[in-house]
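Residues per chain, in single letters:
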Amino acid sequence: MLDILTAVNLEIKSAETISIIGASGSGKSTLLGLLAGLDQPSSGTIMLAGNDLGQLDEDGRAALRGAKVGFVFQSFQLLPGLTALENVMLPLELRSDSGAATEAVELLARVGLSERLHHYPQQLSGGEQQRVAIARAFVTRPMILFADEPTGNLDTVTSQYIIDLLFEMNQENNTTLVIVTHDEALAKRCGRCLRLENGILHHA
Amino acid sequence: MPSHFLLAWRLLLRDWHAGELKILLVALLIAVASMTSIGLFTQRIERAMTDQSGQFLGADLLLQSPLEIDADILNKAKRSGLSLTSAISFSSVIVANDEFQLTHIKAVDQNYPLLSQIKISKTAYGEERPVSYGPAAGEVWLAPRLFGLLSLSLNDFIELGEAKLKVTAVLKHDPGQASSFMVIAPRLLMNIQDIADTGIIQPGSRVTYQTGFAGQLKDRQDFEKWLRPRLSSSQKLSGGTEGSAAVNSAMEKAEQYLSLASMLSVMLSGIAIAMTANRYAQRHFDQSALMRCMGASQKTVMQIFSMQLFILGLAGSLLGCILGYLAQQGLLLILKDFLAPGLPSAGIYPLLTGFVSGFITLIGFSLPALLRLNAVPPLRVLRKDIMPMPLSSVLIYALAIGSIILLMWWQSGQLLLTLLVMLGVFISVAILFVMSFVLLFFSRLAASLLSGPWKTGLLQIIRQRKENQLQMLAFGLSLMILMTIFLLRTDLISRWQAQLPEKSPNHFVINIQADEVRAVEQFFNQHQLQSEGLYPMVRGRITEINGLDVMQAVPEKNQRDEALKRELNLSWAMQIQKNNKLLSGQWWQADDSGKAIISIEKGLARRLQVSIGDSLTFQVADQRISAKIQNIRSVQWDSFQPNFYVIFPEAVIEKFPVSYISSFYLEASQKKILNQLIARFPTLTVLEIDAIMLQVKKIMDQVSTAVEYVMLFVLMAGMIVLIASMQSSMDERLRAAAIMRTLGATTAFLRRSQLTEFSLLGLFSGLLAISGTEIVAYLLYSKVFDLEFELHGTLWLAGPLLSVLLILLISRLYMNKVTRQTPLKSLSY
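Chains as they are written, first to last, in the working numbering: chain A, 224 to 427; chain B, 500 to 1328.
None of these hints come from the bench; they were simulated from the model. It is possible that part of the hints are untrue.
The calculated lysine to any residue pairs, modelled on SDA-like cross-linking and capped at a C-alpha distance of 25 Å, are [to be verified]:
1. Lys735/B with Ser591/B
2. Lys798/B with Gln278/A
3. Lys798/B with Arg415/A
4. Lys798/B with Arg318/A
5. Lys798/B with Ala290/A
6. Lys798/B with Ile386/A
7. Lys798/B with Ala272/A
8. Lys798/B with Leu302/A
9. Lys798/B with Leu340/A
10. Lys521/B with Leu302/A
11. Lys798/B with Asn397/A
12. Lys798/B with Gly322/A
Since we're looking at a predicted model, the values are computed, not measured.
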């Protein structure tokens, strides 16, 4: 068995912004998956919003994610068969929220995509797709947002725009933000910056 | 749950334009439509057959008894809402112009006949007139022969016992004469009211009392159920699907063909459903992971996908039922001449069956894929390489195969056919699989000799060996099924046509005396009648098997067999008859003449449970004769030629009273010759079966059309599988092509390499398909349809060619995308 993360001891406070940097393959995404309850550690405990993830079963963790957690991914993870609007509505629809469409339209307007509601991901640029993903992440008003290399697939100018948007919306919603990235500029915008090296977290 | 239902519905709608769902729905639609239409259709045909046998009997059910029929039975029938007709039949001598003649007499009441019509005419072979009543009191109708034998004309009187009755018509056809081969004496029809006046029937007279029943299907089924257990061993109830042997045999094969077609279209649709469901699932792994990531529980994801499945099943099954009903109406239109107007509808059962079958097909073939979808771990959102655990393949196959066998069996009610088809498919899949390895091996050899786009195309096949093998299997299997069903149709239809070739015999002459044989032959030659030859006929009853009384030797269920109740027509010959086939044992040689050996028909041998070496004893006139079974033959009963259950060699039964039988073809315009024949040989009986033959021919033509029509379903199902199998590999192929274009491949290069790849795929699938076709065809021909099997030379050329063309055509639809779109767009998809 390969130890990817060894001595990781990390506490993240509410409304804190924190970035985790590290080389490719250093285990950043693994750590993020663990923090968000997408995966289970082989040992140790992870508490999310007062809940021990190890004590919850898969459905319990899913319920917790649905209630408290938002995600932004490097590869956007939009469903190709759904329009921008439908993609943003999806998390609300999963909770049977009757106001899904209104809220989704509102969020898409906030990220500047009012004109693109009915476009499919294929018809959108990378930056636009990531904006849809950000709208989707915030539409459930999550307590904590996990972003996995949110600018990894974007050019410099677009990246800047996306970073600005992410931080603005984070402030507006008073969300805790955890970003995994190797973009030093992005990392520095966070209140706290950590570096993952050989499975150990250091202050950067 | 309902809220998820809405979400499932919305996601389903949003997915609709992606394409797989359309294919899935169409596949389901075809499966359900073919099951429903064929189910509805066969039920109606069965009912039509029952109706038709009514036409032969003159009633839906006919009860015959040597004693007067109990009032209980008659009252019960009346209470059940059935209409009744009573008749008495017996043999007696009638007198006219001082001549005597043994006659078969039937006395009927005012309700006779309940179904169909009696045909009478004014002269012996003159124009027929159908009537729905029998003779009035004091009148009789006589068979044509009696006019010659007794030198009678219309309005003359005959004497029967103490009564004098007036002859008012020539009796041409009586619906109750289905078994008229057995009645050698000419017929007379009279009114039952005159029976008392004749004073003929006394206690102990040999008389058959008959009661015919007719009514609604349900009523008569109930009545039959009530009556059967109350019958004494001397009473006989006819009905059900008796009728013309030729029609029955053709219809039986047609029904088997329809069942087979239905099974195969279900199987093909199932394969298409499985493939599309699999692709649908793979394309939705991300959606499943994302939903889990967003907080949906496994249960919710499962609910959403299974509700989608439910909605699809509902839509496919409903639409399929409607389509099936319409298709069945079309089928009925084709067969409208055969089916009586006002035929009772097939009922709701086939529709229900089709509906439920839709769900079974869908679940059996797509559930495994959807279960995988449910098992996608949420971490996949971060790491694309994480795939759901593959389900146990035993589960997948068991589910699919289990549901298909269940369905096929349920639909067709034919376990043997179901198992044979499955066996054929299994063997073919195994062979196809092995062959695909061989083909790939040779491709590798060929690739080392080629260069440029041809090599790239070939390598593409070799590198994606697994995918391509699967595709070849799917493609080959569907082509195989298509070719089998096509071959079978062609061979069945040509056999039906061959069975009743132009100028098949349509008249029988019986009762030719030995001393008349030469004269009759001369008469045939003189009038250029195409006769099938004259066959000797001796009447004898089977009394013992291996020295044991026949009633003790034969199992109880066969003791009522017609062959045991009456005298059989025994014949002799040194050569086997044209339409007979030797199944086991040896035919005799010239020096076997005079030996007490016989050849027996296979059906009779089976029912009597006798085989070669067993000995049968016959009572002929007042003597007994025993003979050993030397061989067993099959007889083509529907050939309209004289056929015999038992044949002796020469010089064994010649000593007994013998008469001869012959059959010949006569055009309608030549009917007058019959008058001359009867005038010259007054003791002959001519049986006119040209009307029945014409009807049989018409039915066979219509059944052939129906068979072709049903083949359309299989064709459609086959096309759907081809499209589905192509689509399932398209994502990969598009990607590969886009990458090659990015790396500098020109459109021409890509086209050529694709052409090579798909042509080879087509060629290989085609070769696999034709090999499989021959195997399955062999099994079906020999075990089910009783057809002669031969290798199909032209198909070995046409099959692979067709396969290449089809694959190229379908691939064009998809691959054009690669050359039209920018590589970036193809890659970003």
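Comparing the hints with the structure gives:
1. Restraint check for Lys735/B and Ser591/B: satisfied, since their Cα atoms lie roughly 22 Å apart, inside the 25 Å limit.
2. Distance check on the hinted pair: Lys798/B and Gln278/A sit about 19 Å apart at the alpha-carbon level, within 25 Å; holds.
3. For a cut-off of 25 Å, the pair hint linking Lys798/B to Arg415/A is broken: about 38 Å separates their Cα positions.
4. In summary, the hint linking Lys798/B to Arg318/A is supported, as the alpha carbons are separated by about 13 Å, within the 25 Å threshold.
5. Distance restraint check for Lys798/B and Ala290/A: the Cα-Cα separation of roughly 17 Å lies within the 25 Å cut-off, and the hinted pair is therefore satisfied.
6. For the hint pairing Lys798/B with Ile386/A, the CA-to-CA distance comes to about 36 Å; that exceeds 25 Å, so the pair is violated.
7. At roughly 24 Å between alpha-carbon atoms, Lys798/B and Ala272/A fall within 25 Å of each other, so this suggested pair holds.
8. Between Lys798/B and Leu302/A the CA atoms are separated by roughly 21 Å; this keeps the pair inside 25 Å, and the hint holds.
9. A hinted pair counts as satisfied when its Cα atoms are at most 25 Å apart, and Lys798/B with Leu340/A does not qualify at roughly 30 Å.
10. Restraint check: the Cα-Cα separation between Lys521/B and Leu302/A comes to about 19 Å, which is no more than 25 Å; the hinted pair holds.
11. Our distance criterion of 25 Å between C-alpha atoms is broken by Lys798/B and Asn397/A, whose separation comes to about 32 Å.
12. A hinted pair counts as satisfied when its Cα atoms are at most 25 Å apart, and Lys798/B with Gly322/A qualifies at roughly 23 Å.
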